[in-house]
Amino acid sequence: AAGVIQSPRHLIKEKRETATLKCYPIPRHDTVYWYQQGPGQDPQFLISFYEKMQSDKGSIPDRFSAQQFSDYHSELNMSSLELGDSALYFCASSRPGLLETQYFGPGTRLLVL
Amino acid sequence: GQQLNQSPQSMFIQEGEDVSMNCTSSSIFNTWLWYKQDPGEGPVLLIALYKAGELTSNGRLTAQFGITRKDSFLNISASIPSDVGIYFCAGQPYSLIQGAQKLVFGQGTRLTINP
Chain A
1 AAGVIQSPRH LIKEKRETAT LKCYPIPRHD TVYWYQQGPG QDPQFLISFY
51 EKMQSDKGSI PDRFSAQQFS DYHSELNMSS LELGDSALYF CASSRPGLLE
101 TQYFGPGTRL LVL
Chain B
114 GQQLNQSPQS MFIQEGEDVS MNCTSSSIFN TWLWYKQDPG EGPVLLIALY
164 KAGELTSNGR LTAQFGITRK DSFLNISASI PSDVGIYFCA GQPYSLIQGA
214 QKLVFGQGTR LTINP
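Residue numbers (our numbering), protein chains in the order written: chain A, 1 to 113; chain B, 114 to 228.
Hints should not be assumed to be uniformly reliable.
Claimed, not checked - Chain B stretches covered by chain A per the calculated footprint, using a threshold of three residues with CB under 8 Å from any CB of chain A:
(1) 144-154
(2) 157-167
(3) 215-226
None of these hints come from the bench; they were simulated from the model. Heads up, the beta-carbon is just placed ideally off N, CA and C, and yes, glycines get one too.
Just chain B, same shape as in the assembly (with noise of 0.2 Å):
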């Protein structure tokens, strides 16, 4: 089935340093998705991105669809206490039919900050 390779797997930085991680697959995808968990709560969606090539921001997140379909990044520029979390990315994988199409996973990326 399809599968999302996400790295690194766990991050330790100094606040105010950028942070980039990404997910790649050998499947193409109609849709990705960059979430943010804290333990125990739901993920909660940070960036959409829905045409291969787009690069969208939210703040200081930018995050690119890849051109080949199969790959995404996310990046947090200068970051702060409160990014610490574990980030995901998730995938629509491609179908000929539209709506109702579950995510697949990343395996997580464990972000910590240093302050």
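If we strip away everything but chain A, and leave its shape as in the complex, we get (with noise of 0.2 Å):
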């Protein structure tokens, strides 16, 4: 079965550096999750998009965005990258309904010198 596709798997980046990161949900899936996970830590929720509008908001920074565009996949754009913003990013798709559940992509792991 399809799963969720992340790029890129790993991104090295210098301080005040931006990154890019791409999320392809499940086919049918219209919903996207960002999780921001530090070593040793549990997934810590960023940023949700449902049918392609910001339906929640977590701990996301202000140097973060995201967006997710007509074909349901999503950018999460990091600017002024700082050493903190090392960390494995997640991308988890769902398909809203009574009986919803996420399922996470392999994800980013990136790395600010």
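From the two separate chains plus the hints, produce the assembled complex.
Here it is, written out as structure tokens:
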């Protein structure tokens, strides 16, 4: 079965640079979520989109922005990168309904030097 | 905000033993999910629970949605080496709005198995 696709899988950036992470949800899933997971931590919710509109916002820095496109893929844009932004970034997708379940992608490992 | 307290934080067991872990919260959750995560990989869904009191099995895994909607447990029977990993509970906070609800995660349980 098709899963959530994330690219790139690994990314190395310098401080103050920008990064763009991409997420392609499972086919027919119209909701996308972004999570950040620091070393040894649990995933923390950043932001979500439903039908191309922002649906919820968590602990996402103002330096980060995201959007969902007409084909339902989503991009997380990160600017003025800081050392503390080094983490695993996961995208999850779901198909909203009474029994909503989120399926996670393999993640993008971002290292800021 | 909503927080999930997951215990134990780590477990060291012998192959073939049964495992039990749980999550509790002071808040009500609509949905409880259990995920397994291998190092550097994304969480993989194990079991999803949608109704208070629901008991669901998936092979050697059994999970229950607490009747108060504030807790859940996961049991693994007859553990095998491939069960090694980090197990996370996750809940969707109670909301009158259906759909697109974020997940709140527990701190994780790291399972180590001695062959």
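_Checking each numbered hint in turn, tell me which of them this model violates, lowest number first._
The structure breaks none of the hints.
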